[in-house]
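Participant: So the sequence lines, in the order shown, correspond to chains A and B. The opening position of the first sequence corresponds to residue 1 in the UniProt record's numbering, with each subsequent residue numbered one higher. The opening position of the second sequence corresponds to residue 1 in the UniProt record's numbering, with each subsequent residue numbered one higher.
Watch out, some of these pointers could steer you wrong.
What the hints assert, rightly or not - Some chain B residues near chain A, calculated using beta-carbon distances under 7 angstroms: (1) Arg108; (2) Ala208; (3) Glu228; (4) Arg229; (5) Gln231; (6) Leu338; (7) Leu340.
Because the hints were derived from the structure by calculation, they are not lab data. Glycine residues also receive a C-beta, built at the ideal position from the N, C-alpha and C atoms.
There are 2 protein chains.
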Amino acid sequence: MEKTDGFIALNEKTLVDYIKATPTLCSILGNKFEELQVKEVGDGNLNFVYIVTGDSGSLVIKQALPYIRCIGESWPMTKERAYFEALALKEHGRLCPNHVPEVYHFDRPMSLIGMRYVEPPHIILRKGLIAGVEYPLLADHMSEYMARTLFFTSLLYRSTAEHRQSVAEYCGNLELCRLTEQVVFSDPYKESQYNRWTSPYLDRDAEAVRQDNLLKLEVAELKSMFCERAQALIHGDLHTGSIMVACDSTQVIDPEFAVYGPMGFDIGAFLGNLFLAFFAQDGHSDQGNDRKTYKEWILRAIEDTWNLFQKKFTALWDEHKDGSGEAYLSAVYNSSELLLLVQQRYMKNLFHDSLGFGAAKMIRRIVGVAHVEDFESIHDDSKRAYCEHRALEFARLLLKERRGFQSINQVVLAIRDLNLDKVS
Amino acid sequence: MEKTDGFIALNEKTLVDYIKATPTLCSILGNKFEELQVKEVGDGNLNFVYIVTGDSGSLVIKQALPYIRCIGESWPMTKERAYFEALALKEHGRLCPNHVPEVYHFDRPMSLIGMRYVEPPHIILRKGLIAGVEYPLLADHMSEYMARTLFFTSLLYRSTAEHRQSVAEYCGNLELCRLTEQVVFSDPYKESQYNRWTSPYLDRDAEAVRQDNLLKLEVAELKSMFCERAQALIHGDLHTGSIMVACDSTQVIDPEFAVYGPMGFDIGAFLGNLFLAFFAQDGHSDQGNDRKTYKEWILRAIEDTWNLFQKKFTALWDEHKDGSGEAYLSAVYNSSELLLLVQQRYMKNLFHDSLGFGAAKMIRRIVGVAHVEDFESIHDDSKRAYCEHRALEFARLLLKERRGFQSINQVVLAIRDLNLDKVS
Ligand SMILES: Nc1ncnc2c1ncn2[C@@H]1O[C@H](COP(=O)(O)OP(=O)(O)O)[C@@H](O)[C@H]1O
Ligand SMILES: Nc1ncnc2c1ncn2[C@@H]1O[C@H](COP(=O)(O)OP(=O)(O)O)[C@@H](O)[C@H]1O
Ligand SMILES: [Mg+2]
Ligand SMILES: [Mg+2]
Ligand SMILES: [Mg+2]
Ligand SMILES: [Mg+2]
Ligand SMILES: [Mg+2]
Chain A
1 MEKTDGFIAL NEKTLVDYIK ATPTLCSILG NKFEELQVKE VGDGNLNFVY IVTGDSGSLV
61 IKQALPYIRC IGESWPMTKE RAYFEALALK EHGRLCPNHV PEVYHFDRPM SLIGMRYVEP
121 PHIILRKGLI AGVEYPLLAD HMSEYMARTL FFTSLLYRST AEHRQSVAEY CGNLELCRLT
181 EQVVFSDPYK ESQYNRWTSP YLDRDAEAVR QDNLLKLEVA ELKSMFCERA QALIHGDLHT
241 GSIMVACDST QVIDPEFAVY GPMGFDIGAF LGNLFLAFFA QDGHSDQGND RKTYKEWILR
301 AIEDTWNLFQ KKFTALWDEH KDGSGEAYLS AVYNSSELLL LVQQRYMKNL FHDSLGFGAA
361 KMIRRIVGVA HVEDFESIHD DSKRAYCEHR ALEFARLLLK ERRGFQSINQ VVLAIRDLNL
421 DKVS
Chain B
1 MEKTDGFIAL NEKTLVDYIK ATPTLCSILG NKFEELQVKE VGDGNLNFVY IVTGDSGSLV
61 IKQALPYIRC IGESWPMTKE RAYFEALALK EHGRLCPNHV PEVYHFDRPM SLIGMRYVEP
121 PHIILRKGLI AGVEYPLLAD HMSEYMARTL FFTSLLYRST AEHRQSVAEY CGNLELCRLT
181 EQVVFSDPYK ESQYNRWTSP YLDRDAEAVR QDNLLKLEVA ELKSMFCERA QALIHGDLHT
241 GSIMVACDST QVIDPEFAVY GPMGFDIGAF LGNLFLAFFA QDGHSDQGND RKTYKEWILR
301 AIEDTWNLFQ KKFTALWDEH KDGSGEAYLS AVYNSSELLL LVQQRYMKNL FHDSLGFGAA
361 KMIRRIVGVA HVEDFESIHD DSKRAYCEHR ALEFARLLLK ERRGFQSINQ VVLAIRDLNL
421 DKVS
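Here chain A stands alone, though its shape is the one from the complex (with noise of 0.2 angstroms):
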């Protein structure tokens, strides 16, 4: 156990140490330590979960470690982000209460957070796509979500002052910035040591993907707007390994990317992988379940969740339309006829920067360093491949062809098509 600058990496034993001289975490604890009981549980790439359970009361400990966990002390990447998780936990949930859970503690020396634990029946959403669990409120959350965190945090509310104030305030967190700028959107399209792919059947998708021009040159203009545009403070990472779900409660963790970037980075990585979960059930489906109804339903949650979150942005956009947000004044854009036209212009771009975002993250899961579990977790390789290439196909469409949809049901029109011969 050592410690320079005031950091010591816990383990499930030093952490029992740590909690009982955190007077904070022991009363929500119940000040009770008999029964003390820890549970590492990080499935995730980067970092360490405890979960610590008493005799009266719970808490998860996440604690980041000078690496990438997955890939270990051979990839360092700095501690400051469990500052940045920390600071986005709280903005978001003060923004957001019903969706993100509470941050009870953090220890910046320590790159140690302490946060309600979210238990049981919740899931990681992922894993509950990939056993085709319908979550009817699941549109209705994320677009909720999705609509107050990047509503609240843009010029729409906040005047340019604060704006700037919180972009430099972010813009510490650049290391984390990097690896998404080289795993999102650099890696996937050249050689690189990292990239993967179900090999030998993906062989060419992948090289077709690093030959593509057109779909370089849209690329280079979703990594320039990730890297220049602070329109609003982003998640940064939410895919659906970042949301916990129950029945009746969807949970949103995992901030630690958090910026001021684009928001269709958000919007688009929650599509996308909705879209990768829905090309991953041909995988998955069997005898007992052709997961037809399930299909439709991820597709259903997909329009939903636009259709729901651009009605819900627009309607914070009308409530705030004469407040601090200085954007669009009042006084300029001052009349409803002028406030619709700007609205739908903001929308439609914004649509479509998601839609490019959206893809930009599937074809990332696809043949560069990290993928999902919706699709290794089919074991036979030609089945996957057949999966993955054809989620690449809409991918690749989709990225150079976004600026032609119009709406989300066309969007969903493009995928049908595609799938005619297993959807319908």
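Using the hints provided, position chain B with the ligands relative to the given structure of chain A.
Facilitator: Only chain B with the ligands this time, still in chain A's reference frame:
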């Protein structure tokens, strides 16, 4: 002479004492002070500028006071702007020493910069344009300045980590940005106590601007881009009053509005102010000089500036394509065909941004708070109104239709169409 936090507002007398106590400045002046002459020459809107000449040397001292000079203490404005001005002068000076005066000294508590005296025959470009003086090297020099300062502070040259650090630093210049947001992007499009125009001639024009929904739709997009998009370190106030010229020299001063923003904001400021100069010429013509030839020269300077900028900027890009810039990694953009494709897209977008910002800069100088000497020096109200009206019509067209222009030549042709009666 009151002192708070180390700040003292100097005057022609007390400045001498300050200089005597500052070795760097003394040595520039040759360490002899019997004949020291100090003259306040600030004709700008914000600050105090002193020319200091000794027997064997000279320099300029610029001091920011905690309010806007031309309005007075009723419009407070952080004197920290001098810090960002000094920072940008040094950075841009490093990147383009031929066209930026050297900084000798910066005193942060005093908000005071000591810099090279850009000596006669240099005059402020705007005055030269009013006088009808041709500057054969202007387009060459300004395209050089813009290409170098913008390219080298963008992600075409920089790593994203360096970029985010610099972005964060300049976020601190938020008060000056707010001034731009208000006077460029908001006030001209609403009723504001600060707005003024040549009344009654332009009453209907000013009204039309406030009622033009499509114009306001486009301005919203530009304002958001200004607030959100950290594309490069921009000067932030690059009008013809921030440029000093002699026939063989061009020096850019006064970057106190420096911030990471859209490149098109600088390019547009310069081009937009050349357009203003063009439209003002009819107000300066007299029997001795109908200004026809001079108007042609201005149009040529506009064309040359953009075309040379485009050439130099892409030449820098080609030169550094395998370098440290992280927007377009050479391993991804790995053929000359693809590089050409991304460059064409980039330059097309930058061109349209520049036209948009240029038009916005024109509009605000005609119906907003701060006007330009090009028009103000036309003493006949109806003549001035005529010139302003034509400039305003052109600017509104340019702002709304900018994406329809494929080249700067087409823009100049559009001006000629408007000006057939006068030019040809
Ligand atoms: N607040 C929480 N409540 C319950 N489980 C959690 C909580 N936070 C994380 N987990 C579990 O730990 C796993 C990894 O957490 P995550 O925050 O995603 O870490 P990483 O940053 O390493 O991806 C999650 O998939 C989830 O199973
Ligand atoms: N380095 C310089 N050399 C010569 N004259 C200068 C210099 N800097 C400023 N001036 C003169 O002072 C005037 C105001 O300077 P400027 O930097 O534009 O101040 P402001 O920020 O108030 O607009 C300029 O128009 C120019 O005439
Ligand atoms: Mg995670
Ligand atoms: Mg994580
Ligand atoms: Mg000035
Ligand atoms: Mg000025
Ligand atoms: Mg100035």
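Participant: For every hint, state whether the structure bears it out.
Facilitator: Tested hints:
The interface hint given for Arg108 (chain B) is broken, as the beta carbon of that residue sits about 18 angstroms from the closest beta carbon of chain A, more than 7 angstroms. For Ala208 (chain B), the shortest C-beta to C-beta distance to chain A is roughly 14 angstroms, which exceeds 7 angstroms, and the interface hint is violated. Nearest Cβ of chain A to the Cβ of Glu228 (chain B): about 5 angstroms, under the 7 angstroms cut. The hint holds. Taking 7 angstroms as the C-beta contact cut-off toward chain A, the hint placing Arg229 (chain B) at the interface holds, the least distance being around 5 angstroms.
For Gln231 (chain B), the suggested interface contact is upheld, since its CB lies about 5 angstroms from the closest CB of chain A, less than 7 angstroms. For Leu338 (chain B), the interface hint holds, the least distance from its beta-carbon to any beta-carbon of chain A being 5 angstroms, beneath 7 angstroms. Nearest Cβ of chain A to the Cβ of Leu340 (chain B): about 10 angstroms, over the 7 angstroms cut. The hint is violated.
Checked against the numbered hints above, the structure violates hints 1, 2, 7; every other hint is satisfied.
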